[in-house]
Amino acid sequence: MNTTELAVLLESVGVGDEMYRLICELYPLCRSITGNGVRETLCAVGRHVPLEIHEIPTGQQVLDWTIPKEWNVRDAYIKNSKGEKIVDFANSNLHVVSYSVPIEKRMPLEELKRHLHTLPEHPDWVPFRASYYKENWGFCLSHNQLMTLGNDAYEVCIDSSLKPGFLTYGEYLVPGERADEVLISCHTCHPSLANDNLSGIALTTILAKYLSQAKLRFSYRFLYIPSTIGSISWLSLNESQISNVEHGLVIACVGDSGKLTYKKSRRGDAEVDKAVLHALKHSGQEYEVMDFSPYGYDERQFCSPGFNLPVGCFMRTPYGRYPEYHTSADNLDFVRPLCLADSLLQCLSALSILENNETYVNQNPKGEPQLGKRGLYRGYPNGGSDDLALLWVLNLSDGNHTLLDIAERASIAFGVVKKAADALFACDLLRKIPNDRCDYTHPRA
Amino acid sequence: MNTTELAVLLESVGVGDEMYRLICELYPLCRSITGNGVRETLCAVGRHVPLEIHEIPTGQQVLDWTIPKEWNVRDAYIKNSKGEKIVDFANSNLHVVSYSVPIEKRMPLEELKRHLHTLPEHPDWVPFRASYYKENWGFCLSHNQLMTLGNDAYEVCIDSSLKPGFLTYGEYLVPGERADEVLISCHTCHPSLANDNLSGIALTTILAKYLSQAKLRFSYRFLYIPSTIGSISWLSLNESQISNVEHGLVIACVGDSGKLTYKKSRRGDAEVDKAVLHALKHSGQEYEVMDFSPYGYDERQFCSPGFNLPVGCFMRTPYGRYPEYHTSADNLDFVRPLCLADSLLQCLSALSILENNETYVNQNPKGEPQLGKRGLYRGYPNGGSDDLALLWVLNLSDGNHTLLDIAERASIAFGVVKKAADALFACDLLRKIPNDRCDYTHPRA
Amino acid sequence: MNTTELAVLLESVGVGDEMYRLICELYPLCRSITGNGVRETLCAVGRHVPLEIHEIPTGQQVLDWTIPKEWNVRDAYIKNSKGEKIVDFANSNLHVVSYSVPIEKRMPLEELKRHLHTLPEHPDWVPFRASYYKENWGFCLSHNQLMTLGNDAYEVCIDSSLKPGFLTYGEYLVPGERADEVLISCHTCHPSLANDNLSGIALTTILAKYLSQAKLRFSYRFLYIPSTIGSISWLSLNESQISNVEHGLVIACVGDSGKLTYKKSRRGDAEVDKAVLHALKHSGQEYEVMDFSPYGYDERQFCSPGFNLPVGCFMRTPYGRYPEYHTSADNLDFVRPLCLADSLLQCLSALSILENNETYVNQNPKGEPQLGKRGLYRGYPNGGSDDLALLWVLNLSDGNHTLLDIAERASIAFGVVKKAADALFACDLLRKIPNDRCDYTHPRA
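Quick mapping for you: the protein sequence lines, in order, are chains A, B and C. Position 15 of the first sequence, counting from 1, maps to 21 under this note's numbering, and the rest follow consecutively. Position 184 of the second sequence, counting from 1, maps to 190 under this note's numbering, and the rest follow consecutively. Position 146 of the third sequence, counting from 1, maps to 152 under this note's numbering, and the rest follow consecutively.
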C-alpha cells in the first residue's frame, strides 16, 4: 500500500461517491442508542462488509453503567385544533426528542412550550435533542415555526415504546499477520445527521471493505457502536482482550469541507499519534492538531485511565465547532464525496505508516557503507531525497529509531524512507528487529 | 478558603488600609540589620501577631558569617560655619549611611565630599546607602543640595554607637494539621523605605494574622529578619529542622502599582512555583515570571545549593527595576492600599492551592463512571466547565497527577477542579493518596 | 588562553594573511583523493607543522571500502582541427574531471559533448567534477565556451595514470596533559577550490601551529584526509583508539565572507556542541546553527552510528549554499584574510571553553559564603557581572553543572564565569571534581 497508488485507486473507483451513496441510504433511518433504526443501519452496512451483530439485553451491567431500555418510535406529531399536523415525525425524525416516552394528550401552548426545542440563533434549523437517561418527551422544530404558534389546544402524540429490549452494535474483524489489532470505531446513535455520524459510518465501512482485500500486518477491528454506552459495553465485554489493541482511531465528522483535524490519544505520543501527524504533515494540506481532552467521542472511554488505549480521533471539523453540528443543517448537502474521499485517503495514508513502520539495525554501522558499489547511490545532483533517505536510514538505524522516527527527524515523507530501507534491507545492510522489541513505544501492562 | 470568598472578605474588612496603616506606623523608625529600630519594628508587629523575638550576640558564628556589632544612632547632622544644620538625621533617617561609625569633626568641603552620596540622575531624591561590613561613615542628600554647597568649614556629627550587642529577629509559627511548614519571610533591615521593605512586613503580618484564624493543612512559619545575615542566622540556628520546609515565599516590594512578579525557586518546578504561577495565570491580571538567579532577597540563602529549599520570591515590581528603589522616593506615596490588598489576595490564592492540592486515584478507572445517575453531570450546554472539570479529574486521577497538575493540563482554574474533586470524592469515585506519597514533587534528602 | 588576548594576538601577527598565503601556495596544485597533488599539499603544510604522512596501498580493505587506484595527471587538452588547444589542463586543473582515465582520440563534437560538463546557470564558470569510483573521463569548461564549439574533429588527450599506488594522508598529534583527544579534521581532495577545501587546510594548519606552543589540557589530533575514503581509512586504522576522542571538529569553508555556521554532532548536545554555540552566542556576530544530518563532510563518517563521535562541523557558509561552491568561482578572490582570522578566533574561543570547562563543588554550600571578608565581592554597583558570576558559580557548583552549564544558565560569557571560578577556587571555596567524573556528558562505551 502506498499513498500515491491509493489516491489513484480511490479516484478511479469513485470511492467518494460510494461513501456518499451509503450516507444517503442511511440518512432517513431513525437511529438512537438502541432500537430498530440501529438494526436497519447495521443491516445496510452488512451489505458491504460481513458485520457480526451483538445484542445486549436491557438491565445488563456494563462497567459502571446499565444497558437502558430499548426505544422505538412509530409516529409522532403535533396537531392544532383544526386537526392539521403542524409538526410531523414523518417529515424528519429530528422532530422527536430521542428517547421520548409515549404521550397522547391535548394541551394549551403554554404547557406544550415546555417540551419544544428550537435554535433562536438559527431560526430555520431544527435542533437534535435526546434524553436517554432521564424519562421525558419533547419535540424539536424551527424557531420561525415556533414564533407562528398561537394560543390553541394542541394535540400531542408520540407513539413510541421504551421497554426492555436490547442494545445493538456491529463488529467486524479483518485478520492480519499479527494478532495485534488496530481498532477503528464509529458511532451509530444519531438520526438524520449526515456528518455526525453518517460520514464516520461510511468511511469506516469502505475502509473495512478495502482493508479486507489487502495483505495486512495488523488485524483490524471495526466497531459500529452507539456513543458512550456502546464503547462502555464493548470494553466491558472484551476486557480480557483489550491488550491486543496496538493502535486505534475513532472516526467522526469526516465529510464536511473543513480541514482535517486530529485529536491525539491521552498518551499524546503513541505511535498512532505520530503516524497520523506525519501523514497530515506530508498531505500538502492545512490541518489541525488537538491535544487529548476527556470530552468528545468514544476516545473518552478508550482513553479512560484504566484502559489508556492508544486511540486518537480522526475528523475534519470537530464536534461543536461548526454551527450545523447537531441540527437539521447537518444534512446531505453538508457532506461532499470529494471530502469523504480525501478523509479516507489520509486515513489510509496514516494506517499505511503503521503497517510499514519497522525498526532496523544498520549491519555496517562503522562509517558509511559504500553504496555506490551496490548500485544504490546515484550521487549529486541525481540522487536527491532518495540518496538522503538512504543516508538517514543508515545513520539512525541503531535500534532506537523506527522508520517513522527517521522520517520525522529527516523531514522526509515516510514512503521515501520506507523505500530506502527496503533497498538497504535487500543488500543485507539492515537487519529487522523482531516485532516484540519494536513495540517498545507502547508496552503492554 | 477560596479566592472569591477571600476577595469579598478582604474588601469588606479594609485590609489594604490595615496594611497601609502599619507601613505608616513603621516608616519613621530607623531600621538597620541590628539595633533598636528593628526592636521597635518587631514590637509594633507584635501588636498584630504574637512574635517570638530572638537576639543573637555579636561575634556568634552563623554558617560562614559572624554576627556583627550592633549599631544605633541617636543624632547626626552637618552644620555650616554659621551653625545652620544643612543635613539633619532628624528630618530623615536616610541622611545617615547605615552603620556609620561615630564622628565629630570640622572639615572643608573637599574632605566632606568623599563622604557624601547623591543621585545625579534624580537630583531631588536622597539615596539609601549602608556600609555594614566595612567601617566607614557618610551622609546621603539630594544632588540639588550638594550643588549649593560652597567652600566652608563644615561641622560633621554622627552620634552613633557600633559595639557588641545583638542581632534581633522575629518569628511566628501558626501550627496546622501537618508538621510540614510553609516558610514566609520578609526583611526588616531597611529604614524609611515604604515598598522595600515595609510593604513586605505589612503583608506578612496581615497574612499571619488571617492564617492564624484559619484551619490549615500546613504549619506556617513567618520570619522577620534582616537581609542576608538574618536568613543566614535563622538557617544556622535551625539547620536540623529545615527539612520541614515544604514550600516557601520571600515577600518584598508588594505595595507599588506595578504588575505582580514571581521569581521561581532554584528548583524551578517546585510545587510552590506551580501554585503561584497558576494563581497568577487565573488572576485576570498581567504578571511577570522570573527564573531563579542568585541575586535578590533572602531566596539567595534559602536556595543556596546546600539547602535548595523550594522558596520563591513574591513581588510586584522587582528590586532594582523601579527608579524609586533604595531612594527617598520609595515613600508613603509610592505604595497603595489597593495594591497591597491585591498582593495579599494573590498570595492567599497561591497558598490556598498549596493547602488544597491533593492527589487522588479514580476508583472507577475503566470507562467513565455514569455521573448522571449520581446527579453530578448537568450535560450540554448547562454543565460547562464544571462538567469538564469532572471529566478531567476522573481522566487524570491515576496517582501521577495532583489537582494542580490537572488544573494546568485542563486550563481550568484550580478552584473549579477542586470543587469537582470534592464532588467526586463525596461519591466514592476518588480515593485520596496519603500525604507522604503526595509529596513526591520534592523529596526530602 | 582567553578570547580577548587571542584577538589582539591574532591581529598583531597578521594570522589572516598567513592563512591566505598558504591558500595561495596550495591553490595551483592538482589535488584529488590520491596522487602527487596530495603529497605536495602535505609537504607544504609540513613546512608549518611536523606532519606524519601515511600511505595506504591500493586494494587495502578499510571498513566497507577498498583503497582505490592512485590517480595522477600530467597533461590534458582538447584541440580543434587547426591544432589549437581550446581547453587546456595547464590553465586550470578544474578542466579535467578528477580520476579521468587516459585517453587519446579524435572525435566529432557530438561524441565529445557526452564528456563535457558546464554550468548553464553560471555560463562563465567552470564546474568541478570527479568520477572516483566509476571509470570515466571528461572535461569541464564554461558554458559560454561550449556554445562557441562548432562541428569539427576534436583531438582529445588526457595523459593520466590510474594504477595501483597509495592513498596519502597527513596526521599531527599535539600532546596535552591528558590522553583524551580533540580531533580536528580537514579534507585535502579538492583541486583549485579556495574555500572548499583550502581554507580548511589553512585554518587547521595555523591552529595546529599555535596550539603546539600552548599548554593544553587535551591532546589535539589534526587530520588532513581526502573526503569520505580518508576518514573511513583513518577510522579503520585507528579503531582501537577512537574512544580517546573526547571532542572533535571538521573544518571546512571557513574563508568566505558569510556568517559562521555550526553543524551539530549527531548527539546534538555534546560538550563540543555546547562550547561552539556558547562561543558563537557571545561572539557579537550573527551565526547559524544546523542540526546534524548525514550529508556533508567527514562528520558523516565520524558520526556514523557505530562510532557516534562528538564531532561537529565548523564552517562559514555551508557546502552547497553558495553558488560558487564546486566551481572555478571558488577562487582566491572568494576567500578573505579577515574572514579566515575571524574563523580561527571563534574556533579558538570554542576550544578555549573545552580546555577550561571544569566541574566544581561549592565547599560552603549552605548559605552564601561571606565574599566580602575574602575581598572577592565589590558590591552594588561596582561589582556588576563579576559579582553575579561569583554568585552563579557558588549557587550551581553542586557537582551537576560544568562551568559552561553555569555560563549558559546565567547568560554570562564563559570567560567571566571561569575567572570567578578561579577566584573562588583560590579561596578554597570550590573543590574541583576529578576529570573522570567530569566526563559525565559523554561516557565512553
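Note that these hints are calculated values from the structure, not bench results. Do not rely on the hints blindly, as some may be mistaken.
The list makes no distinction among identical chains, and a pair is therefore deemed to hold if it is satisfied within one copy or across any two copies.
Claimed, not checked - Quick list of in silico lysine to aspartate or glutamate cross-link-like pairs, EDC-like style, CA-CA up to 16 Å:
no., residue 1, residue 2
1, Lys372, Glu245
2, Lys379, Asp70
3, Lys379, Glu245
4, Lys119, Glu245
All values derive from a computational prediction rather than experimental measurement.
Against the structure, the hints come out as follows:
1. Proximity of Lys372 to Glu245 under the C-alpha cut-off of 16 Å is restricted to the inter-copy arrangement: shortest distance 9 Å between copies versus 47 Å within a copy.
2. Proximity of Lys379 and Asp70 under a CA criterion of 16 Å is satisfied inter-copy only: 10 Å between copies versus 65 Å inside one chain copy.
3. Taking identical chains as interchangeable, the C-alpha atoms of Lys379 and Glu245 are never at most 16 Å apart, the minima being 54 Å within one chain and 23 Å between chains.
4. Neither within a single protomer nor between protomers do Lys119 and Glu245 lie at most 16 Å apart by alpha-carbon distance, with minima of 45 Å and 72 Å respectively.
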